[in-house]
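Novice: Protein chains in written order, with numbering that gives the first Met the number 0: chain E, 0 to 305; chain Y, 0 to 396.
Every clue listed holds true.
Computed cross-link-like contacts, DSS-like style, restricted to lysine-lysine with a CA-CA straight-line distance of at most 30 Å:
{"hint": "1", "chain 1": "Y", "residue 1": "Lys271", "chain 2": "E", "residue 2": "Lys266"}
{"hint": "2", "chain 1": "E", "residue 1": "Lys246", "chain 2": "E", "residue 2": "Lys199"}
{"hint": "3", "chain 1": "E", "residue 1": "Lys48", "chain 2": "Y", "residue 2": "Lys122"}
{"hint": "4", "chain 1": "E", "residue 1": "Lys201", "chain 2": "E", "residue 2": "Lys215"}
{"hint": "5", "chain 1": "E", "residue 1": "Lys75", "chain 2": "Y", "residue 2": "Lys271"}
{"hint": "6", "chain 1": "Y", "residue 1": "Lys271", "chain 2": "E", "residue 2": "Lys289"}
{"hint": "7", "chain 1": "E", "residue 1": "Lys289", "chain 2": "E", "residue 2": "Lys174"}
{"hint": "8", "chain 1": "E", "residue 1": "Lys192", "chain 2": "E", "residue 2": "Lys246"}
{"hint": "9", "chain 1": "Y", "residue 1": "Lys122", "chain 2": "E", "residue 2": "Lys28"}
{"hint": "10", "chain 1": "Y", "residue 1": "Lys122", "chain 2": "E", "residue 2": "Lys75"}
{"hint": "11", "chain 1": "E", "residue 1": "Lys174", "chain 2": "E", "residue 2": "Lys156"}
{"hint": "12", "chain 1": "Y", "residue 1": "Lys122", "chain 2": "Y", "residue 2": "Lys271"}
No wet-lab data here; the hints were simulated from the structure.
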Amino acid sequence: MISTRLKKMRFQFLLFLFCVFSVSEMNAKALRVVTTTEDIASIARFIGKDRVEVTALVRGAQDPHYIQVRPSDMIKVSRADLLVIVGLGLDGWILPVIDGARNPGVRIGARGFLDASSGIELLEVPTGKVDRSLGDVHPQGNPHYWLDPSNGKIIAKNIMESLSLVQPSEREFFKENFEEFSKKLDQAIIHWKEELAFFKGKQVITYHTTWSYFLKAFGANARNYVEIRAGVPASPKHLQELISQIKKEKIDLIITEPYFDIRLPEKIAASSQARLRVLAPSVGAFAQIKDYFDLFEYNIQELLRL
Amino acid sequence: MSSTRPQFVFVILVLHLFSLSSLFSQESQLEKSGGTTPFWRSTSFGSQALNPDISLIGDFLIRPGARDSGVNAFSLREAELGLQAAVDPYSRADIFLAVEEEEGKFHVDIEEAFLTFLALPFKSQAKAGRFIMDFGRSHRTHSPERDFSDNPLAFEKLLGVENSMKSNGLSFNLLVPLPVSSYHEVRAEAGETKTSFGEESEAIKSNERFIYAREKNFFPLGENLNLELSGGFGRWQTDGGIEKVKSTSTFEGRAHDLIRSIATGDFTLKWKPNAYRSFLLEGNLLYTFSRPLAEENENGEKKIKHAVNEVQTQGGFIQLQVQPLRRWYLGSRIDYLLNGDSQKEERQYVGILTFFPSEFSRLRFQWNRKDTDGEERSHRFFIQLTWALGPHRPHPF
Ligand SMILES: [Zn+2]
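Make a model of the complete structure from these sequences and hints.
Specialist: Below you can see the structure in the form of C-alpha cells.
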C-alpha cells in the first residue's frame with residue numbers, strides 16, 4: 000500500500016517537474032522585454048507578437064515622474080533580454096534598477112538596452128543654464144514624445160532594431176511586424192486628424208507639459224500651464240492670472256492628467272467658461288485603454304465631447 | 000594589517016578582469032550579429048557619464064537648551080559632498096566626503112569611497128573600498144538623510160561615535176536565483192573597521208578585522224507595498240593593537256585579546272503609492288557580545304575586571320513614519336537599550352514633524368524624551384534644516 004502510494008507520489012512529482020521544465024522552456028523561447036512605461040510595452044508587443052513576453056515596470060495610471068523603485072523591478076530587469084526606456088530623464092529612476100539587476104546584457108551601451116527617444120525630434124529643449132530655480136524641469140527636453148502618434152513609428156523602429164540585435168534569427172519577423180504596425184498607425188493617424196480637424200489652431204491650458212507633442216500633432220498649442228513650472232504647483236496668484244488669461248483669450252479647454260490633483264484645474268474651470276478634460280497620458284491610464292491605438296482613440300473621443 | 004593588503008589588491012584585480020572579460024564578450028557578440036547600431040548608442044545619459052554626478056548636502060542643526068550641557072546650540076553638523084560616476088560599463092565609483100563639526104573644529108572624513116563591480120558572473124556584485132555596512136535601512140542611510148535628527152540609542156551606544164559602522168574592505172553579494180518575484184540576496188563582507196562597537200572602542204587605535212554575512216529579502220506584498228526582512232551576523236577581532244583599552248571598559252588587557260560578535264535583525268514595511276502619500280514602519284535589533292580571547296596578559300597576569308567573561312549589550316528601535324500630505328511627514332521612534340556594562344536599561348521616545356518646502360530642502364522639528372534606570376528623565380529638542388544640491392543618488396530602497 001505504502002509503496003504504491005509512494006510510487007504514485009513519485010510519478011506525480013516527476014510529472015510536476017516535467018511541467019515546470021516545459022513551462023520554463025516555453026518561456027525561454029520568448030524574448031523577455033522589460034519597459035519602463037506601458038506605452039512602450041504596447042508598441043513592443045506589436046513588434047514582437049508571440050515571440051516576446053513584455054512587462055512594464057510602471058502602471059499607466061502612475062505618474063512616471065515620481066516612481067518608487069521596488070526590489071522586484073530589479074528581479075524583472077535581471078531576467079530581461081531587452082530593456083526599453085523612455086529616456087530624457089523621465090525614467091531616470093531606472094539607473095539604480097539597472098545597477099541592482101546585475102544583468103550585463105541590458106546595461107546602458109549593451110545591445111539589450113534601448114533608449115526609445117533615439118531619433119525623436121524633441122520639443123522644449125532648454126537653452127542656456129538650467130538649474131532648479133526653474134523647478135524640476137526636463138533638462139534634456141520634453142520626454143512625453145509618445146503622445147505624438149507619428150513618434151510611435153520611431154519608437155517601433157527603435158524596438159524593431161533592438162529586438163533584431165538581441166534575436167538576429169527573428170529579424171525578418173520583427174521587420175514584417177514593424178511594417179504592419181506602421182501601416183496601421185499611418186491609416187489611424189489620417190483618421191484621427193480628420194476627426195480632430197476642429198482642433199487645429201486651438202489654444203489650450205494644460206496642467207503639465209505632458210501634452211506638448213499631442214497638441215502639436217493635431218495643430219493645437221498650449222498657452223499656459225496649471226503648474227507654474229514643471230513640478231512646481233500653482234500659487235493663488237498664478238491661478239488668478241490663469242483665470243483672467245482664459246477669459247481674455249477666450250480659451251475653452253483645460254487638459255489635465257489623472258494623477259494630478261484635480262481640484263486646481265476644477266477651480267479654474269469653475270471660475271471661467273473653459274471646460275476640463277482628463278485625458279490619458281499613457282496606455283493603461285484608464286482600464287479600457289489596452290494598447291497604443293486605444294490611447295489616441297480614448298483621448299480623441301474625450302475631445303470630441305467638447 | 001599589512002599582510003591583508005596584497006590579498007585585497009589581488010581580489011580587486013581578479014574582479015576587474017572578470018568585468019573586463021564580460022565587456023569583450025559583449026563586443027564580439029555584437030560583431031558576430033552584424034549589428035548596424037553602434038555599440039555606444041547615443042543615450043540621454045551619455046553626456047553625463049563623462050563627468051561624475053556632483054552633489055552637496057548641508058545639514059544644519061539647532062539644539063535649543065543644549066548650551067547648558069556644554070554643547071553648541073547651533074551647528075553645521077555636516078556638509079556632505081558626493082561624487083558618483085560610472086567607471087566603465089560594468090563598474091561604478093561612489094565617493095562621499097563629509098566635513099563635520101566637532102567641538103567647534105571642522106574635519107574632513109571619508110564617509111564612503113568604493114568601487115562597485117555591477118555585473119559579475121552568476122548575478123553577483125562586488126564592492127571594494129570604504130563603505131557603510133548594511134545593518135538595515137536606517138543604518139545604510141547617510142546621516143543627513145536619515146529619518147530623524149539624531150540616531151537610535153542602539154546606534155549611539157553600539158556602533159561608536161559616528162553612529163554607523165564603516166569598514167575598509169570587500170563586499171560580495173549574490174542574487175539568489177529563485178523562480179519567484181521576491182528579491183533574495185546573500186552578502187559576505189570582510190575587512191577592517193576603525194569605528195567599532197561601544198564607547199570603550201575609542202581607546203582602540205588599531206583597526207579591527209571583521210567578517211560579516213547578511214541575508215536580504217524583499218517581498219512585494221502589493222503593487223506599492225514592500226516588506227524587507229533581513230538579518231546578519233559578524234565577528235570582529237582586534238588586530239594586534241598595543242593600546243590599552245580604557246580602564247572604564249569591561250576588559251583590561253591588550254586590545255588584541257578581544258573578540259566581539261554582532262547579530263542584527265531588521266524589517267521595513269513600506270507603502271508609497273505616489274508622491275503624495277506614504278507609510279513606513281521599520282524595526283531593527285542589534286545584539287553584541289564581547290569576549291576576551293585570552294584571559295591572561297603578556298606577563299601571565301589575569302586582568303579581567305569582571306567575573307563574567309562575556310558582556311552582552313542589546314538594543315533596538317522601532318519607527319513609524321506617515322506622509323499625510325505631499326510635503327509633510329509625521330514620525331515617531333521608540334529606542335531601547337540594555338547596557339551590558341552597567342546593566343542599565345535605557346528607553347527613548349522620539350517624535351518628529353518634517354516639512355519639505357521643496358523636493359530639495361527639508362525642515363524638521365524633533366522632540367526626545369529619555370528614561371534611564373536610576374537617572375532623571377531628560378528631554379531634548381532639535382530643529383534641523385537640510386538642503387541638497389545636484390543629483391544626489393539615493394539608495395534605491
Ligand atoms: Zn513631464
